[in-house]
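Trainee: Those protein sequences? They're chains A, B and C, same order as listed.
In terms of numbering that gives the first Met the number 0, the first sequence is residues 0 to 228.
In terms of numbering that gives the first Met the number 0, the second sequence is residues 0 to 255.
In terms of numbering that gives the first Met the number 0, the third sequence is residues 0 to 227.
Hints in this document: simulated from the structure, not taken from any laboratory.
In this text the structure is predicted, and so the values were computed from the model without any measurement.
What you were told as hints is all true, and nothing was included just to trick you.
Straight-line distance between alpha carbons at most 35 Å, and here's what the computed DSBU-like set of lysine-lysine pairs gives: (1) C:141 to B:120; (2) B:38 to C:224; (3) B:120 to A:82; (4) A:1 to B:77; (5) B:77 to C:224; (6) B:120 to C:71; (7) B:86 to C:217; (8) C:71 to B:45; (9) A:82 to C:72; (10) B:38 to C:69; (11) B:242 to C:224; (12) B:77 to A:82; (13) C:141 to A:82; (14) C:217 to B:249; (15) A:82 to B:141; (16) B:95 to C:141; (17) C:215 to B:38; (18) B:86 to C:69; (19) B:95 to B:45; (20) C:69 to B:120; (21) A:11 to C:141; (22) B:86 to C:215; (23) C:217 to C:71; (24) B:45 to A:82; (25) B:77 to C:141; (26) A:82 to B:86; (27) C:141 to B:45; (28) B:120 to A:11; (29) B:38 to C:217; (30) B:95 to C:69; (31) B:94 to C:141; (32) C:224 to B:249; (33) A:11 to B:94; (34) C:141 to A:17; (35) C:71 to B:95; (36) C:2 to C:69; (37) A:1 to B:86; (38) C:224 to B:244.
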Amino acid sequence: MKFLHIAWKDLKAEFRTKQMLNSMVMFSFLVIVIFSFAFGKESSIYISVIDRKIVDLLAPGMLWIAFTFAGMLGLSRSFAGEKEEGCLEGLKLCPVDRSDIYNGKVISNTVLMFLMEITTIPLFIVLFSYEIKNIPGLLLVVLLGTLGFIFVGTLLSALTVNTRTREILLPVILFPVLIPVILSAVTATGVLLAAGSIFEIAGELRILVIFDVIFFIVAQLVFEYTIED
Amino acid sequence: MNIRENIKPEQVYLTRTGESTIISINNLSKIFGTNVVLKNINLEIKKGEFLTIFGPNGAGKTTLVKIMSTLVSPTSGKVLIDGVDIKENPVGIRKKIGVISHDTYLYTELTAAENLRFFGKMYDVLDTEARIDELLERVGLKYRKNDRVGTFSRGMKQRLSIARALIHDPPILFLDEPYTGLDQHASATFDRILSGTNAHDKTRVLISHDIERGISFCNRAIILANGHIAYEMNDTELGDLLKCKTIYDKLVEENK
Amino acid sequence: MLKKILYSLTAVLILVSIYLVFFYAPIPVDPKSAGGDPENFKIFYFHLPIAISAYLAFAIVFVSSIMYLKTKKQEWDIVALSSAEVGVVFAFLTLATGSIWARSAWGAYWVTWDVRLNTSLVLFLIYISYLMVRQAVDEPEKRARLSAVFGIVGFLGVPLSFMSIRLWNKTTIHPVAELNYSTFSPLLTTLITNFAAFFLLMASLIIFRIGVEHLKEKGNEMKRKNSL
Chain A
0 MKFLHIAWKD
10 LKAEFRTKQM
20 LNSMVMFSFL
30 VIVIFSFAFG
40 KESSIYISVI
50 DRKIVDLLAP
60 GMLWIAFTFA
70 GMLGLSRSFA
80 GEKEEGCLEG
90 LKLCPVDRSD
100 IYNGKVISNT
110 VLMFLMEITT
120 IPLFIVLFSY
130 EIKNIPGLLL
140 VVLLGTLGFI
150 FVGTLLSALT
160 VNTRTREILL
170 PVILFPVLIP
180 VILSAVTATG
190 VLLAAGSIFE
200 IAGELRILVI
210 FDVIFFIVAQ
220 LVFEYTIED
Chain B
0 MNIRENIKPE
10 QVYLTRTGES
20 TIISINNLSK
30 IFGTNVVLKN
40 INLEIKKGEF
50 LTIFGPNGAG
60 KTTLVKIMST
70 LVSPTSGKVL
80 IDGVDIKENP
90 VGIRKKIGVI
100 SHDTYLYTEL
110 TAAENLRFFG
120 KMYDVLDTEA
130 RIDELLERVG
140 LKYRKNDRVG
150 TFSRGMKQRL
160 SIARALIHDP
170 PILFLDEPYT
180 GLDQHASATF
190 DRILSGTNAH
200 DKTRVLISHD
210 IERGISFCNR
220 AIILANGHIA
230 YEMNDTELGD
240 LLKCKTIYDK
250 LVEENK
Chain C
0 MLKKILYSLT
10 AVLILVSIYL
20 VFFYAPIPVD
30 PKSAGGDPEN
40 FKIFYFHLPI
50 AISAYLAFAI
60 VFVSSIMYLK
70 TKKQEWDIVA
80 LSSAEVGVVF
90 AFLTLATGSI
100 WARSAWGAYW
110 VTWDVRLNTS
120 LVLFLIYISY
130 LMVRQAVDEP
140 EKRARLSAVF
150 GIVGFLGVPL
160 SFMSIRLWNK
170 TTIHPVAELN
180 YSTFSPLLTT
190 LITNFAAFFL
200 LMASLIIFRI
210 GVEHLKEKGN
220 EMKRKNSL
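Next up, chain A with everything else stripped away, as it sits in the complex:
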């Protein structure tokens, strides 16, 4: 259970300053607001049926751009912060399995990202005048997508923190691997926003679950190599 202590330590440090959470929320808000400007009158209430279709087509992708780019901010700092006073080395000296460090980081990253997401969704609903019927379904999609993002992202964040370009490299190597998650999450979100039922997105949910399971297991196996000296 030591990974819970690691996650608790991260969250405690974060909530003392809320620096990261604030920037993540602010960033995703900005993405939503800028897109609502870019869509112009299509996003307002006085829209024709055709314009509404354009919004319906683009909105889910835009929402996930906001989520993943804001999440990227948190991920890139997740291990970089540990490097400041050499903490990562101190952590590695502790009698814990390497996977405990990974799992602790996964929990703290997921909590931060999920908080950011559930504050962003209301703004999204207001600006694009959506009415979500299936809130649990949407939260499930968001959670599964977030987990996939975090499982791979935390692993690659630990990988890039040891490279020369660090934060710049992370998005470049993370997004190609994440394509299955982003595609499935965007499609599933689109269906749910258009008041579709959860059964219509069974295929997407299956891919998300498979992705999450595979990468969670693989990360447990290979994480130790990313933080080795």
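For chain A, the structure is supplied; the task is to place chains B and C on it using the hints.
Mentor: Only chains B and C this time, still in chain A's reference frame:
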């Protein structure tokens, strides 16, 4: 000048050596890519011994300590701690080791007590709160117990890092250039605290390139140069700072 | 010596396969159903073997990455690097030959929602990232370790990408060759020759690349000795 005259007699008395071997290094080599960092190191460290490893930058000192503290795995050779191969049970070995480094390993957003509490949990320390109070008292930081570490000075952080390393009362202590960034006064305080704790019961390995500081407490000293043990000082040399310096400079020059 | 045989065999086979494609092989689809100039469909004889070779090269990266993490032998890292570089070239050629043909058949270089197209693109992007990871680390040992981790993670993403793209758009206009499997049909002979030629080309390039890496190492070794 015999610097060892300045040391209180009970300290010398308490460093019992010659009991049993606690760390034994056999034919240890480490190669990074094509770069040979350590070659064929053989070293026995006795229980309670204070060993100082001197060496210039790039001699492989830090790598040696990282191998002994299970962070880096050797290319070939073995390290036994308490008779156990460190490869077999790295997690168990880590419980026996405390490391004080030039990095403090402290979280600046957390308070002194929170830092110690976290590491206490990591090391399965029972009765953490009492231990935290005791250690903070010893390093003279009790009055800053609930202040964020980010507000501490470099010297205070380093003192707190002593408390951090001692939280689980490890029998072995590695000191990797702990004086980096400390001024004269802070270094002296650091020394006083380190000898004031029950550290003298412990096996200590200090890594340093500063002969003057490194020699004052140790009862054994070796010089690492170019990846091998170039010299082991004998007792008479240990008592003579000038001679130590001459030997060290000569060896560093030879192994460039 | 063995290398020389392999290299010459590759050269011969490539020449033979080019000859077969241009002067012997039939058009691999029913000419009536083909869009554009049916002759263009002959690019398929290059396209398919190159695409499969690219996948194979990335599978080699995956296996040697695992082997590297297990054994920490530098040799595996060199194999992984060489296969990745060759694989990226082949993946690029897959996209290029596909686009050239698509311009003729579909009237557009790129159809954004086709599953095989996009999977190939994702594959290409993942291994470009792999090479970027390698570029961002200086110490050879660390570079080998970190890129091995990415070599494993990246490869596992590929089948999932395929699945998700297929689900994302259920239709494909990517043609499936209707093969006439009768023995020694001109189509099958040409295709098999091309497969052999491009597999050997891939193997030769990888082996050549490994040789270059060994030479580089020898050079470094000599430099070190000179400086001592």
